[in-house]
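Chemist: Residue numbers (our numbering), protein chains in the order written: chain A, 6 to 134; chain B, 3 to 130.
Careful: at least some of the hints might be erroneous.
As the list claims (entries may be wrong) - Derived DMTMM-like pairs (lysine to aspartate or glutamate); straight-line CA-CA distance at most 25 angstroms:
| # | chain 1 | residue 1 | chain 2 | residue 2 |
| --- | --- | --- | --- | --- |
| 1 | A | K129 | B | D123 |
| 2 | A | K129 | A | E110 |
| 3 | A | K25 | B | E87 |
| 4 | A | K25 | A | E85 |
| 5 | A | K18 | B | E50 |
| 6 | B | K116 | A | E73 |
| 7 | A | K25 | A | E73 |
| 8 | A | K10 | A | D21 |
| 9 | A | K18 | B | D28 |
| 10 | A | K18 | B | E99 |
| 11 | A | K25 | B | E21 |
| 12 | A | K129 | A | D117 |
| 13 | A | K10 | B | E109 |
| 14 | A | K10 | B | D28 |
| 15 | B | K77 | A | E120 |
| 16 | A | K25 | B | D28 |
| 17 | A | K25 | B | E109 |
| 18 | A | K81 | B | D123 |
| 19 | A | K18 | B | D17 |
| 20 | B | K77 | A | D117 |
| 21 | A | K18 | B | E109 |
| 22 | A | K129 | B | D113 |
| 23 | B | K116 | A | D102 |
| 24 | A | K25 | A | D127 |
| 25 | A | K81 | B | D113 |
| 26 | A | K18 | B | E48 |
What the hints assert, rightly or not - From chain B, some residues computed to sit far from chain A (all C-beta separations above 10 angstroms):
| # | residue |
| --- | --- |
| 27 | G27 |
| 28 | R29 |
| 29 | I33 |
| 30 | T54 |
| 31 | Y79 |
| 32 | V81 |
| 33 | L82 |
| 34 | R85 |
| 35 | E87 |
| 36 | T89 |
| 37 | A110 |
| 38 | A121 |
Honestly, the hints are just simulated from the structure, not real lab data.
No experiment lies behind these values; they were computed from the predicted model shown.
Note that CB positions come from ideal geometry on N, CA and C, so glycine has one too.
As a plain string of letters, each chain reads:
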Amino acid sequence: MSRSKAALTQTYKRADRAIKTINLISDRWALTVLTLLLYNGVMRYSELEATIDGISPGVLTRTLRTLERRGLIERKVYVEIPLRVEYTITDLGLSLDDPLTALCEWYDEHGDSVEAAVAHYDAKPTEDH
Amino acid sequence: MSRTTPEPNTNHRIDRAIESLALIGDRWTIIVMHYLRHETVLRYGELEAAITGISRGVLTRTLRSMERDGLVERKVYPVLPPRVEYTLTELGLSLIEPIIALCEWSEANYDLVKAARNAYDDANGAKT
Numbered sequence: 006m007s008r009s010k011a012a013l014t015q016t017y018k019r020a021d022r023a024i025k026t027i028n029l030i031s032d033r034w035a036l037t038v039l040t041l042l043l044y045n046g047v048m049r050y051s052e053l054e055a056t057i058d059g060i061s062p063g064v065l066t067r068t069l070r071t072l073e074r075r076g077l078i079e080r081k082v083y084v085e086i087p088l089r090v091e092y093t094i095t096d097l098g099l100s101l102d103d104p105l106t107a108l109c110e111w112y113d114e115h116g117d118s119v120e121a122a123v124a125h126y127d128a129k130p131t132e133d134h
Numbered sequence: 003m004s005r006t007t008p009e010p011n012t013n014h015r016i017d018r019a020i021e022s023l024a025l026i027g028d029r030w031t032i033i034v035m036h037y038l039r040h041e042t043v044l045r046y047g048e049l050e051a052a053i054t055g056i057s058r059g060v061l062t063r064t065l066r067s068m069e070r071d072g073l074v075e076r077k078v079y080p081v082l083p084p085r086v087e088y089t090l091t092e093l094g095l096s097l098i099e100p101i102i103a104l105c106e107w108s109e110a111n112y113d114l115v116k117a118a119r120n121a122y123d124d125a126n127g128a129k130t
């Protein structure tokens, strides 16, 4: 096999690029907030808190900050009484819809095959490499 | 906006995305997939020689978990010395496309993420 060093570097670069995107979306809470905002466009803090089962205010706040820092959502504060804080999906966040949909569709189509493969593998007697 | 109407399939969608991400969220897995995609069939020794920086233990573990998930097929030929070959399964091949979608997103947008981070840190006194 003849893989040049340049090709190898290219492969590593591609892998790192994929991993960078994966790191942005592989946290369950981040993905939940992102998915909700992808569907709803705008949500208040209190709406997010009421909608997401099992999230603590601390985790929600941290998740929102992380997503804001990454430029995927925008936080808007309206100076009224009581104070209104809204989160919207940014164009950058919106652009993640396509790769996310690709992953979901892949799982729809192939998730059963993965489960079957895992069950089959686990049922085999162990052997050495 | 009145009471939020969560899209009924939101949770299901999240689960599916998380499950697929778990399959490919490891750098070595993506690298092995990339090699097997180009070379079709590779022996263990060839993979080991090609992927610099991977240790034997990590390569073996990566291949096992990919085999378990049904992404690669391992064939052992009873010759001396034993020959072990790996190929991508149909299932593994089908994952190439979503991986490419992730790569392409990163290529097109990751600079924007970096810029957003810097702007956020500047505005918030550089706390992480």
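Chemist: Tell me if the straight-line CA distance from A/K18 to B/D17 falls inside 25 angstroms.
Modeler: violated, 28 angstroms
Chemist: A/K18 and B/E50: Cα distance at most 25 angstroms?
Modeler: holds, 18 angstroms
Chemist: Is the nearest Cβ of chain A still more than 10 angstroms from the Cβ of B/T54?
Modeler: Given that some Cβ of chain A is not farther than 10 angstroms from that of B/T54, nearest at about 7 angstroms, it is violated.
Chemist: Verify this label for me: B/A110 is non-interface relative to chain A, using a Cβ-Cβ cutoff of 10 angstroms.
Modeler: At about 8 angstroms from chain A, B/A110 fails to clear the 10 angstroms cut-off, so the statement is violated.
Chemist: Can you confirm whether the C-alpha distance between A/K129 and A/D117 stays at or below 25 angstroms?
Modeler: holds, 19 angstroms
Chemist: Does A/E73 sit within 25 angstroms of A/K25, going by the straight-line distance between their CA atoms?
Modeler: Roughly 17 angstroms separates the two Cα atoms, so the pair holds.
Chemist: Given the hint that A/K18 pairs with B/E99, test it: the Cα-Cα distance must not exceed 25 angstroms.
Modeler: Satisfied, since the Cα-Cα distance of roughly 17 angstroms is no more than 25 angstroms.
Chemist: Does A/K18 pair with B/D28 here, judged by a C-alpha cut-off of 25 angstroms?
Modeler: This hinted pair holds, its Cα atoms lying about 14 angstroms apart.
Chemist: Checking the smallest CB distance to chain A, is B/A121 really beyond 10 angstroms?
Modeler: Not fine: 8 angstroms to the nearest Cβ puts B/A121 too close to chain A.
Chemist: Is the hinted pair A/K81 and B/D113 satisfied, with a Cα-Cα distance of at most 25 angstroms?
Modeler: Given that 25 angstroms is the threshold and the Cα spacing comes to 23 angstroms, the pair holds.
Chemist: Going straight from one Cα to the other, do A/K129 and B/D113 come out at no more than 25 angstroms?
Modeler: Distance of about 46 angstroms is beyond 25 angstroms: violated.
Chemist: Mind checking the alpha carbons of A/K81 and B/D123 for me, to see if they're no more than 25 angstroms apart?
Modeler: holds, 17 angstroms
In summary, the structure is inconsistent with hints 1, 2, 3, 4, 19, 22, 24, 27, 28, 29, 30, 37 and 38 from the numbered list given earlier, while agreeing with the others.
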